[in-house]
Amino acid sequence: MSKIIGIDLGTTNSAIAVMEGGTAKIIPSAEGRNTFPSIVEPIKGLVGDVAKRQMVLNSTSTIFSVKRLMGQKFTGKQAQKTKEIAPFEIAEGKDGMAVINLGGKTFTPQEISAKILQKAKADAEAYLGQTVTDAVITVPAYFDDSQRQATKQAGEIAGLNVQRIVNEPTAAALAYGLDKGKNETVVVYDLGGGTFDVSILELGDGVFEVKSTNGDTFLGGDDFDRRLIDHIVSEFKKESGVDLSLDKQALQRIKDAAEKAKIELSSATETEINQPFITQRDGQPLHLTMKISRAKLEELVDDLIQKTIEPCKKALADAKIEKSHIAEVILVGGMTRMPKVQQVVKDFFGKEPNKSVNPDEAVALGAAIQGGVISGDVKDILLLDVTPLTLGIETMGGVMTPLIERNTTVPSSKSQTFSTASDNQPQVEVHILQGERPMAGDNKTLGSFVLDGIPAAPRGIPQIEVTFDIDANGILNVSAKDKATGKEQKITIKNATNLSDAEVEKMKQEAEKYAEEDKKKKELVDKRNEADTLIIQTRKVLKDAGDKFGADAAKEMTESLDELEKELKNESATFESLDTKLKTSTELVQKHAEALYKAAAEKDQPAGEDKPAEGPKADSDASETKSDTKPAEEGEVVE
Amino acid sequence: MVKKTTSKNITELARLSSRVEELESNYKRVLADYQNQERRHKEQQVNTIKMASAALIEKLLLNLDSLEMAQTHLKDRGLQIVIDQLRATLGQEGLSVINSDDQDFDPLLMDCTEVVPGKKDIVIETVSRGYFLFDKVLRPAKVKVGSGA
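These protein sequence lines are chains A and B, in that order.
Using full-length UniProt numbering, read the first sequence as starting at 1 and increasing by one per residue.
Using full-length UniProt numbering, read the second sequence as starting at 1 and increasing by one per residue.
Errors might be hidden in some of the hints.
Unchecked claim - DEER-style ranges, computed between Cβ atoms: (1) A:Gln306 - B:Arg15: 56 to 66 Å; (2) A:Ser422 - B:Arg19: 47 to 57 Å; (3) B:Gly91 - A:Glu259: 26 to 36 Å; (4) B:Gln103 - A:Glu209: 48 to 58 Å; (5) B:Ser18 - A:Gln130: 18 to 28 Å.
To be verified - Facing chain A, according to a computed beta carbon distance under 8 Å, are these residues of chain B, among others: (6) Asp33; (7) Tyr34; (8) Gln37; (9) Met69; (10) His73; (11) Phe105; (12) Met110; (13) Asp111; (14) Cys112; (15) Thr113; (16) Val115; (17) Val127; (18) Pro140; (19) Val145.
These aren't lab readings, by the way, just hints derived from the structure by calculation.
Quantities reported herein were computed from a predicted structural model and do not represent experimental measurements.
In this text, a Cβ means the ideal position worked out from N, Cα and C, and glycines have one as well.
I would like the entire structure built from these sequences, with the hints used as guidance.
See below:
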């Protein structure tokens, strides 16, 4: 069976997606964009961006928003309202249905929609490198039987077997992954380019039931743009006395700039519109420069956003559902990127809306997932789980060192080499942890074991390879192997991924809540480890080559290290107090090491260019003191 | 007793062989996805290298437009040198101008922003130049097209 593509056949824009490697992916249009305008010039056969570009030239033969006419009677309210604003001719066709008259030919809305679907099919074939024959197409939840039938016909005209017609909110819910067997009520708030829809869905056992739907078929992002354009034009008129709305070219530039500004204001709180040489007055050029704040844009469109609330109220009332019973509010449509829209939705439903899926793509992605379910693509692959929390081990100073990060797809395996924390350490304890907190004690213990029989060696020398291997069923195997002796110990931990959602959520929240505190704790431990390493390394150097420094220097360093050690042993030592002492000691050690190296170099100078054997040794030992701090902190297992 | 075991074995065998078939088909499907992905990844990689600068150049075009508009007004020789320099630099990156003046209107390359008196379907004036980046349309030309009146 060939791939089943998902098509979001939208009023203003359409999008295509397909299941690949177990996830839904957007198929870019031939023009390289993730969505394309639902605009058709049927005589020359132009669709999408290309059709849009010649719209001004051929306004009467370029058809947009044809979705509004699908399955509609000519005398119906919807057809009549569309007729008022459409530059192309809408007439009465067979059985009183609305059709489009164009250059002496009659096109049904199905035929026009079919052109859009044909482009979707062609673009998908180019992307996939194979013929596409099957599709899942989405429609608004309020579409009645004849509108759904018309959509299906459009698919057939385009040469597609329409495997299923899916409700847009249902597709969006699928894309948001809300099909995992929970019984809950969700709201889908969809504010697109030209229409607004709100739907209440009840989910249970893989069945999606639309409890109610409401909206406004003439409210969307285009209205928001228009408000901004009007504002810019009127401000410019106030400033310069020139009415830019009379200048088509200037207006076009403002339109582009306004759309860009609107998008920018979703992430920035202020943006600047710069259009030099926008027009002329008395032979002098005039420039349009204007700062627009997010607050100003919000003020301009406030009533438009508020207009979406009434349909939400009605939808709730129709579904006979209290706001408190809503488990999730999901956002669809590009306009929901606007922070103010998100705020209004949050205030109304009393719930932070879920915006984890790209709102322009959610519906197409959901349609592709539905296609995957039909073709059997989805069933098996969904079993591939991810680790809900990070897995790692405890290292020196009670730090959690992660081996397998959160959200890693399993099966997965990872190894890292650790070493000992003190000289002649005969054994290491491998303490396996799960969680997001940087300190071991704050995470969940999954198990622990001891690897013994490590031959006597200075700290940092033994190499102990720790391997985490988690299989597709969530069974974690942890092994530790001493590379020198080949001695190995292991442990098997079942259900390492098997945590309830509530547990995972709780642990994630705690990690966020204590992030600041944890960071401080970890910094203190890191500093302690750094100090500890400096003391041990320098003492070693002093023991091996102390006489080369001279008695005074050695004494000075020993004293400084003793002081640092005292501070280290002091339970109430702070990050700052340790840091100051550590810095003093480090500088002192560096100073003497440098002097030693210089002296050695001078001594050896007459003997030739070659560097002396002893000099660099002292230098490299001293610099190791510094560079060793990092591996020591991350790479050592606590005894 | 013996018979029963056999029939049980047969059902078990049937179940397992259908399971094998199912897994085999899934395996092939995933493998096919992977190979397609590989192929596309390679294509994309070639494309990415070539088109890496596309987004930046597209933004710079707005500045080039502004400079050209300024030049239309100022007619300054120094400014002209600056513009030529910028054009030459972008040209080295694969940018070339879409020839639109006096051409037949082509929606693949041009975006009609206004219809004005003049020869029908012929570009009367280019409002903002269009550009190719290598063989792809980076930005269509914005043009005024003749109405035939």
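Here is what the structure says about each hint:
no.: 1; hint: A:Gln306 - B:Arg15: 56 to 66 Å; verdict: holds, 60 Å
no.: 2; hint: A:Ser422 - B:Arg19: 47 to 57 Å; verdict: holds, 54 Å
no.: 3; hint: B:Gly91 - A:Glu259: 26 to 36 Å; verdict: holds, 29 Å
no.: 4; hint: B:Gln103 - A:Glu209: 48 to 58 Å; verdict: holds, 56 Å
no.: 5; hint: B:Ser18 - A:Gln130: 18 to 28 Å; verdict: holds, 27 Å
no.: 6; hint: Asp33; verdict: holds, 5 Å
no.: 7; hint: Tyr34; verdict: holds, 7 Å
no.: 8; hint: Gln37; verdict: holds, 6 Å
no.: 9; hint: Met69; verdict: holds, 4 Å
no.: 10; hint: His73; verdict: holds, 5 Å
no.: 11; hint: Phe105; verdict: holds, 6 Å
no.: 12; hint: Met110; verdict: holds, 7 Å
no.: 13; hint: Asp111; verdict: holds, 4 Å
no.: 14; hint: Cys112; verdict: holds, 4 Å
no.: 15; hint: Thr113; verdict: holds, 5 Å
no.: 16; hint: Val115; verdict: holds, 6 Å
no.: 17; hint: Val127; verdict: holds, 6 Å
no.: 18; hint: Pro140; verdict: holds, 6 Å
no.: 19; hint: Val145; verdict: holds, 5 Å
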